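2 protein chains.
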Amino acid sequence: MKKFINDPTKVVDESLQGYVDAYPDVVEVLPDARVLIRKNKPSNPKVGVITGGGSGHKPAFLGYVGQGLCDAAAIGEIFAAPPADWIYKGIKKIDMGRGVICLYGNFSGDIMNFRMAKTLAEVDGIEVEEVIAKDDIASSPRENIENRRAVAGEVIMWKVGGAAAAEGMNIKEIKEVTSRAVLNTRSFGVGTFPCIIPATGKPSFKLEDNEMEFGIGHHGEPGIKKVQMKTADDTTAELMGYILEDLPFKNGDTVSVLINGLGATPLQELFIVNRKVTEILEKYKIKKLITYVGEYFTSLEMAGFSITLTKVDQEISRLILAKADSPMFKQFDLNK
Amino acid sequence: MKKFINDPTKVVDESLQGYVDAYPDVVEVLPDARVLIRKNKPSNPKVGVITGGGSGHKPAFLGYVGQGLCDAAAIGEIFAAPPADWIYKGIKKIDMGRGVICLYGNFSGDIMNFRMAKTLAEVDGIEVEEVIAKDDIASSPRENIENRRAVAGEVIMWKVGGAAAAEGMNIKEIKEVTSRAVLNTRSFGVGTFPCIIPATGKPSFKLEDNEMEFGIGHHGEPGIKKVQMKTADDTTAELMGYILEDLPFKNGDTVSVLINGLGATPLQELFIVNRKVTEILEKYKIKKLITYVGEYFTSLEMAGFSITLTKVDQEISRLILAKADSPMFKQFDLNK
Chain A
969 MKKFINDPTK VVDESLQGYV DAYPDVVEVL PDARVLIRKN KPSNPKVGVI TGGGSGHKPA
1029 FLGYVGQGLC DAAAIGEIFA APPADWIYKG IKKIDMGRGV ICLYGNFSGD IMNFRMAKTL
1089 AEVDGIEVEE VIAKDDIASS PRENIENRRA VAGEVIMWKV GGAAAAEGMN IKEIKEVTSR
1149 AVLNTRSFGV GTFPCIIPAT GKPSFKLEDN EMEFGIGHHG EPGIKKVQMK TADDTTAELM
1209 GYILEDLPFK NGDTVSVLIN GLGATPLQEL FIVNRKVTEI LEKYKIKKLI TYVGEYFTSL
1269 EMAGFSITLT KVDQEISRLI LAKADSPMFK QFDLNK
Chain B
969 MKKFINDPTK VVDESLQGYV DAYPDVVEVL PDARVLIRKN KPSNPKVGVI TGGGSGHKPA
1029 FLGYVGQGLC DAAAIGEIFA APPADWIYKG IKKIDMGRGV ICLYGNFSGD IMNFRMAKTL
1089 AEVDGIEVEE VIAKDDIASS PRENIENRRA VAGEVIMWKV GGAAAAEGMN IKEIKEVTSR
1149 AVLNTRSFGV GTFPCIIPAT GKPSFKLEDN EMEFGIGHHG EPGIKKVQMK TADDTTAELM
1209 GYILEDLPFK NGDTVSVLIN GLGATPLQEL FIVNRKVTEI LEKYKIKKLI TYVGEYFTSL
1269 EMAGFSITLT KVDQEISRLI LAKADSPMFK QFDLNK
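Chains A and B, in that order, give the protein sequences. Residue numbering for the first sequence follows the working numbering, beginning at 969 and increasing consecutively. Residue numbering for the second sequence follows the working numbering, beginning at 969 and increasing consecutively.
These are calculated hints, taken from the structure and not from any lab test.
If chains are identical, the list can't say which one is meant, so a pair holds when it fits in one copy or spans any two.
Subject to a maximum C-alpha distance of 30 angstroms in a straight line, what follows is the list of computed DSS-like cross-link-like pairs (lysine-lysine):
(1) 1194 with 1170
(2) 1291 with 1218
(3) 1255 with 978
(4) 1304 with 1009
(5) 1218 with 1253
(6) 1198 with 978
In this text the structure is predicted, and so the values were computed from the model without any measurement.
Generate the whole structure from the sequences, applying the supplied hints.
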């Protein structure tokens, strides 16, 4: 296993330590729970924003703890949910008297533990709400949209929810607008090479030479089909077909675009994908609010990418364009 | 070849198109030369900053065209220098009457073409200077420091030179401080998996299972030795040994730290490396000004990483901490 690690059982802790070593003025870890906390509290009390999930997705989740994004991230083992007790401690730590909203992905372990943490915090008198991302079209048909997994759409959820909290909205307002962003977000991904989980040393899935998995999940979950490699344009056109049809996105809509690399796919290829995405959006007369291209939510060294579109209204646009400043996600205020 | 491309001969052009499609308000391409230009000129005339080199290193070079960084990047084919004529056209385009400084890496093709472009521009009455990064310790012994290749240290060169130009310094002052930053920058990298050049479909080098190349270059150039995989801590300690000894960096110095992923190495591992780097710097009582961890200068999907340290003085610190805003490198003003 060609990995730059020490003890496979200490990968998450040592990586987290290296993260705090890199940004000691920005983040800290709770003494008794693996929860990363934003250090500089805003001057006016705001609703706290917490996320969390399994490790192996950097820059998610910890990279999004910062100004205009999340105030805390509970960090599980690789591809495993963080314990409820840690999430609860994170909620307690970041509550400023206006409640805490949990923004996480639709995975059973995360749901169970975030809800247990919510119950514990409510006993302490903290108001807790949640919004759950379910943007991955490939993981369940449209009739069972509630069963869909989360993929890179979580990033847009954090951006919108984090900006709403930073603006001073109350917890109900944040839940409303963030839920609306989630409902209007769709993703679809393809994978070409698996990742290797440090603890097992084994590939997360198998593909033949020249084969790709359409609709792959962020943990290597199978998608809808295995197909022979196609050109970037054909692959992108097929993905965009699924995405545009599902919401549906249509003539006159405005969208944010996120082309997310899963880990090992060069940025060069992601921009080739974006070229085709742009062409297709122009053909359908769908306007682009903003485009993000890069590694925003990875699966270790998995190769492949996903496309995420969010249909935006005026309020969601404003929140997406707002300033954000975490170690892994920096954006100057684009509303000016 | 599992790549998201169309025609292998159009990879660079299509990727560039996708880049401009993503950031149309920020950058544009010259009509008659593959040079990316910053769109929004500063209100006060400043010295122009141009870089360039072969493709395949994204976010370098084009990702660093923006405020407080470079004004133009001339873009060659994959791992091949851009033609002199393009560089010349870039220089002409960005000159605001205060001259243009060329900040590039120590590769023979780039040197030849940048110098030819310099000569052409000087005939037109444009003052042109250059600073050449040569930060890769492994590429040549200390006695022949002039022969060393550039690797991720170029990023620090652009940050310092770009900030100096944005401050309004004249071309001689920029050359002086940027040269000083380059002289005080040292890098060392290791590679574990090759990249595949689209045009050939072949790996850029060969390594046995469980083997890594110490001192690998950004194009897969051989380093000083092939060794069996070691732990992250042992690998990092050995790299840091070479780096600290070479300048040398010593007790009381302040440094910027750049842990650069070559393409396919997960961020998780880069932070494990940073943990050890931090421990070693603390042991030697070397202070950290700032830490960058991520993919700043890649080699397509090559796996591995490099460590870059720059010894900083007060002026270089101020320039490194200054605001920068390009699509791929955003930093809020940290001098405030």
